[in-house]
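Trainee: Given next are the chains, with one letter for each unit.
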Amino acid sequence: MVEPLVLALIVFAGIYTVMALGAAVVGRNPREYVVIASTGLEILVVVQVLIAVIMLIGGDRPDELGTFIGYLVVAVLLVPIGTLWALAERSRWGPAALAVACFALLVVVIRLDDLWSTVGG
Amino acid sequence: MADRRPTYSGPGRLLVAVYAVFAVSASARAGVQIVNHFDDAPVAYLLSAFAAVLYIVATVALARSGPTARRVAFVACTVELAGVLVIGTASVIWPDAFPDETVWSAYGRGYGFVPLVLPVLGLVWLRRSGGARQRRRGQGERV
Numbered sequence: 001m002v003e004p005l006v007l008a009l010i011v012f013a014g015i016y017t018v019m020a021l022g023a024a025v026v027g028r029n030p031r032e033y034v035v036i037a038s039t040g041l042e043i044l045v046v047v048q049v050l051i052a053v054i055m056l057i058g059g060d061r062p063d064e065l066g067t068f069i070g071y072l073v074v075a076v077l078l079v080p081i082g083t084l085w086a087l088a089e090r091s092r093w094g095p096a097a098l099a100v101a102c103f104a105l106l107v108v109v110i111r112l113d114d115l116w117s118t119v120g121g
Numbered sequence: 001m002a003d004r005r006p007t008y009s010g011p012g013r014l015l016v017a018v019y020a021v022f023a024v025s026a027s028a029r030a031g032v033q034i035v036n037h038f039d040d041a042p043v044a045y046l047l048s049a050f051a052a053v054l055y056i057v058a059t060v061a062l063a064r065s066g067p068t069a070r071r072v073a074f075v076a077c078t079v080e081l082a083g084v085l086v087i088g089t090a091s092v093i094w095p096d097a098f099p100d101e102t103v104w105s106a107y108g109r110g111y112g113f114v115p116l117v118l119p120v121l122g123l124v125w126l127r128r129s130g131g132a133r134q135r136r137r138g139q140g141e142r143v
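Read top to bottom, the protein sequences are chains A and B.
Counting from 1, one number per residue, gives the positions in the first sequence under my numbering.
Counting from 1, one number per residue, gives the positions in the second sequence under my numbering.
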């Protein structure tokens, strides 16, 4: 895991969650912006996951390797699935569902960073 | 029939999203518990796995349309609600019987009581989204 990237992911996912919730509360569903923001977020996720995979191949081992790999897989899938699921809805409930996926990603990234902290320790 | 709302639309969009997150996290947790230290608390871990399966079934059923999916979702939510109430109560009365936490221990306190709230919301949503037809029939009988 790369700390600046982890931080960027946490900030991005956090802001995105809040904005999606805000859109749901005021009853908006700006689907075109969702496509752009989700794409940007997913690029960050993929870069971080690829780096983590390369570091794993390079010999770094977090304590709970199986759990770590599970979280990596979930991290990659969350935003695309959540976004597709949300885009199918034209009402305010689209962004509401998206907020769930973004918040879940936030938790997953924090857990990944947590698990990675055991590397070399 | 046509005015029955699919359970995945509107508020259901959010409900299915939360159910999906629960289905994945509960399955993963139960899987890790069973693989790593099943002998520590076999009953608790089997219960966790059972709950995980219910969440998966409820997620899929709510995300689909049609009367069968609706019925399956209803059963899954009902069993979930019964599970969280029975196991929740049992875990409070006999804490020794549950050496490790299940999703349903203490009414799902470890998960922000979401396990208690989800099946209730699921049942309410199933009723409301399928209610148009029932209401109309009710009025028809009155006339």
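These are calculated hints, taken from the structure and not from any lab test.
Some hints here could point you the wrong way.
Covered by chain B, according to a simulated footprint, are these stretches of chain A (three or more residues, beta-carbon under 8 Å) [stated by the list, open to error]:
no.: 1; region: 63 to 71
no.: 2; region: 90 to 96
no.: 3; region: 100 to 112
Values in this document were obtained by computation on a predicted structure and should not be read as measured data.
We put the CB at the ideal spot given by N, CA and C, even for glycine.
Trainee: Counting residues of the region 63 to 71 of chain A with a beta carbon closer than 8 Å to any beta carbon of chain B, are there 3 or more?
Mentor: holds (count 3)
Trainee: Are there three or more residues in the region 90 to 96 of chain A whose C-beta lies closer than 8 Å to some C-beta of chain B?
Mentor: Answer holds; 4 residues pass the 8 Å Cβ test.
Trainee: Check, residue by residue, whether the region 100 to 112 of chain A contains three or more positions whose beta-carbon lies closer than 8 Å to a beta-carbon of chain B, and give the verdict.
Mentor: holds (count 3)
Going down the numbered hints, you'll see the structure goes against none, and every one checks out.
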